[in-house]
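Visitor: Below, each chain spelled out in residue letters.
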Amino acid sequence: MKPAMSVEIGSLKLRNPVMTASGTFGYGEEFSQYVDLEKIGAFVTKGLSLKPRAGNPTPRIVETPGGMLNAIGLQNVGIDAFIQKKVPFLRSVNTPAIANFFGYTPDEYAELASRLDAIPEVAALEVNISCPNVKQGGIVFGTDPNCAASVVAACRAATKKTLIVKLSPNVTDIVEMAQACEAAGADALSVINTLTGMAIDLERRRPVLANITGGLSGPAIKPIALRMVWQVAKAVKVPVIGIGGIMSATDALEFMLAGATAVQVGTASFVNPAAAQEIAEGMEAWLAERNVADIKSLIGALEG
Amino acid sequence: MQFKAMILDNAEVSPGYWRMRMTAPAEMLEAKPGQFVMVRVNPSIDPLIRRPFGVFDVGTLQPAFTGAAPQPYLEILYRVVGKGTGMLSTLHANDILDILGPLGTGFENGPAGEEKLIVGGGVGLAPLYLLAKELVKDSPVRLFAGGRTKDDVLCITEFERLGVECYTATEDGSLGECGLVTKVLEQRLDATGNKGQIFACGPHGMLKAVAGIGAKRSVKTQVSLEGYMACGMGACLGCVCQGTEHSAENPDYRCVCTEGPVFEAAELKWEGN
Ligand SMILES: Cc1cc2nc3c(=O)[nH]c(=O)nc-3n(C[C@H](O)[C@H](O)[C@H](O)COP(=O)(O)OP(=O)(O)OC[C@H]3O[C@@H](n4cnc5c(N)ncnc54)[C@H](O)[C@@H]3O)c2cc1C
Ligand SMILES: Cc1cc2nc3c(=O)[nH]c(=O)nc-3n(C[C@H](O)[C@H](O)[C@H](O)COP(=O)(O)O)c2cc1C
Ligand code: FES
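Quick note, the sequences are listed as chains A and B, same order. Mind the numbering: the first sequence is residues 1 to 304 in the numbering used here, read in order. Mind the numbering: the second sequence is residues 1001 to 1273 in the numbering used here, read in order.
Note that these hints are calculated values from the structure, not bench results. Note that the coordinates shown come from a computational prediction; the quantities given were computed from them, not determined experimentally. Accuracy of the hints is not assured; some may be wrong.
[As the list claims (entries may be wrong)] The calculated lysine-lysine pairs, modelled on DSSO-like cross-linking and capped at a C-alpha distance of 30 Å, are:
#, chain 1, residue 1, chain 2, residue 2
1, B, Lys1083, B, Lys1137
2, A, Lys222, B, Lys1083
3, A, Lys135, A, Lys2
4, A, Lys135, A, Lys222
5, A, Lys39, A, Lys237
6, A, Lys160, A, Lys2
7, A, Lys85, A, Lys234
8, A, Lys222, A, Lys234
9, B, Lys1183, B, Lys1208
10, B, Lys1183, A, Lys222
11, A, Lys86, A, Lys51
12, B, Lys1004, B, Lys1032
13, A, Lys85, B, Lys1269
14, B, Lys1269, A, Lys86
15, A, Lys85, B, Lys1195
16, B, Lys1195, B, Lys1208
17, B, Lys1269, A, Lys51
18, A, Lys86, B, Lys1032
19, B, Lys1133, B, Lys1195
20, B, Lys1137, B, Lys1032
21, A, Lys13, A, Lys2
22, B, Lys1004, B, Lys1150
23, A, Lys135, A, Lys234
24, A, Lys39, B, Lys1004
Sequences are here, hints too, so could you generate the full structure?
Guide: Below, the structure is given as structure tokens:
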């Protein structure tokens, strides 16, 4: 018997729970020769801003044990070029494309949300709140519940599409953040973005990354992500999307047990561009072998 | 293209430098000189991300037993510098690697009959062998190969076999001219009145010097760059380099993996880098 694999995130119906994570899958097209995009649940595009952003100086990336640090600096083409150059491809694929975006003021967030709302090819919106608020001395929106709520409320007012809020793990209490975002109108929560880290070149006595610090991703962060998904899923009613170090179907299924309704695959796509598809297929095979009829029965089904 | 390659040979050709031959699908035979592959060193998570290597050579082998189809192969030439390359050097024939490629742009050959000046520093020679193989078909080719010592000047015999005229320079004088290979390149350009065009790959300092030589003498120069790569397909934006007009106010970052690794030297910003 073929297990039922579909799940819902807000009003978005996914053929299976596996998506690709923002910033690790370009705008979809880059990977189309390696992955059958119609075998994954959805893909999330690179974080967009109102104006194109150049990003940070190099080195921007370094491998660390079981993971990698990145300080890309949110380089992206900007919303206008996105509409002109990237949206036509999204139209050609029969898989929902979720647009990830960020701003530096709540107004910028709202403007982006309303512009993305108008694009039929964009199935849902994912707000990245791991950005500094320039109006309030650069405090990262996602590290202050009031700041985060103001951004989410501004976006909520600007779109009827499914609004996913992506939480930063660089906080003391992720549950407090999750609840603030839910109360402000989030339809779902993505947990987690990268953890701030650092690498040092001993002989040169310098930081490896030009930006000094960067975001840690990959298998090294999986236990932390799993814990945060578990904590958040218990505390909110909206669906949680589990992200962080997912490399295999087993990893993805563990996130679902912890309470995730869907998952996103990030760094794994660099290691194996077909990872998201292979994970979706592997999950289905796992369920079939154990005669589990519906993947939804696994969500939050952690025992003990 | 993503494929599984079986190692056919993995041998140390000079202290610290290895040459690996592996099976490849027939599409790999279409690889352009200057393109690269991303190698997953092993299926575990350590090392995690793939490592980029230039395509040193491609070809086909006639299997020993008649009747079997010719086997296309891919070769890389690598220097052991860390964990990933160290692990590669311990692999043996019949081990399997996961490869992505061919990736990136290649060199443009330029007009037939024109003098081609190839400049390689150390393991930078890797992508230049396939280039020389192409260029000798219709042009006179000269190689300028440099390194710290004679052990860092690789595969000269192979280039000579192609009919390439080779000039070498080492910093300790253990092979060829004593000093930098760029000096030898300049001598040749002086002697010919700046004829031909330059193709270079090697350490950043050497490329910068070569770019300067090309610019000063109005000789077209193509360089193959490196960047720290996670994906090799334009998605992570980790590998970027700066275009000529780059400044903090007007940033111009180019993706080394998709817009390069081969660039016209005149398109890139070299000062301060
Ligand atoms: C397009 C391109 C073509 C290359 N071709 C060749 C080649 O033909 N032969 C060859 O010997 N080397 C080549 N290199 C360099 C080679 O990729 C690195 O030497 C190798 O990745 C080092 O891996 P490691 O694990 O041994 O080193 P590590 O211990 O991980 O690091 C040592 C140094 O290697 C470099 N490095 C590590 N990982 C990467 C990465 N993912 N991308 C880029 N640089 C990295 C960094 O400068 C680092 O400081 C090429 C690089 C690029 C970008
Ligand atoms: C190179 C790189 C770029 C990223 N860019 C973004 C981005 O633009 N917006 C965003 O919300 N997350 C971004 N992320 C975070 C990922 O989407 C994901 O949350 C994180 O990498 C953890 O998942 P992983 O361990 O599976 O990679 C980026 C991650 C990486 C590695
Ligand atoms: S290596 Fe990822 S964009 Fe170039």
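Visitor: Next, verify each hint and record whether it holds.
Guide: Cross-check of the supplied hints:
1. Lys1083/B / Lys1137/B: Since the Cα atoms of Lys1083/B and Lys1137/B sit roughly 38 Å apart, the hinted pair is violated (cutoff 30 Å).
2. Lys222/A / Lys1083/B: holds (23 Å)
3. Lys135/A / Lys2/A: With Cα atoms ~52 Å apart, Lys135/A and Lys2/A exceed 30 Å; violated.
4. Lys135/A / Lys222/A: With a Cα-Cα distance of about 33 Å, the restraint between Lys135/A and Lys222/A is violated, given a limit of 30 Å.
5. Lys39/A / Lys237/A: holds (28 Å)
6. Lys160/A / Lys2/A: Violated, because 34 Å separates the two Cα atoms, which is more than 30 Å.
7. Lys85/A / Lys234/A: This hinted pair is violated, its Cα atoms lying about 41 Å apart.
8. Lys222/A / Lys234/A: holds (18 Å)
9. Lys1183/B / Lys1208/B: holds (13 Å)
10. Lys1183/B / Lys222/A: violated (52 Å)
11. Lys86/A / Lys51/A: holds (15 Å)
12. Lys1004/B / Lys1032/B: Judged against 30 Å, a Cα distance of about 20 Å means the pair holds.
13. Lys85/A / Lys1269/B: holds (27 Å)
14. Lys1269/B / Lys86/A: Satisfied, since the Cα-Cα distance of roughly 28 Å is no more than 30 Å.
15. Lys85/A / Lys1195/B: Violated, because 41 Å separates the two Cα atoms, which is more than 30 Å.
16. Lys1195/B / Lys1208/B: holds (20 Å)
17. Lys1269/B / Lys51/A: Holds. Lys1269/B to Lys51/A sits at ~24 Å (cutoff 30 Å).
18. Lys86/A / Lys1032/B: holds (28 Å)
19. Lys1133/B / Lys1195/B: Given that 30 Å is the threshold and the Cα spacing comes to 21 Å, the pair holds.
20. Lys1137/B / Lys1032/B: holds (15 Å)
21. Lys13/A / Lys2/A: The hint holds at about 18 Å.
22. Lys1004/B / Lys1150/B: violated (35 Å)
23. Lys135/A / Lys234/A: Violated, at roughly 33 Å.
24. Lys39/A / Lys1004/B: holds (22 Å)
Checked against the numbered hints above, the structure violates hints 1, 3, 4, 6, 7, 10, 15, 22, 23; every other hint is satisfied.
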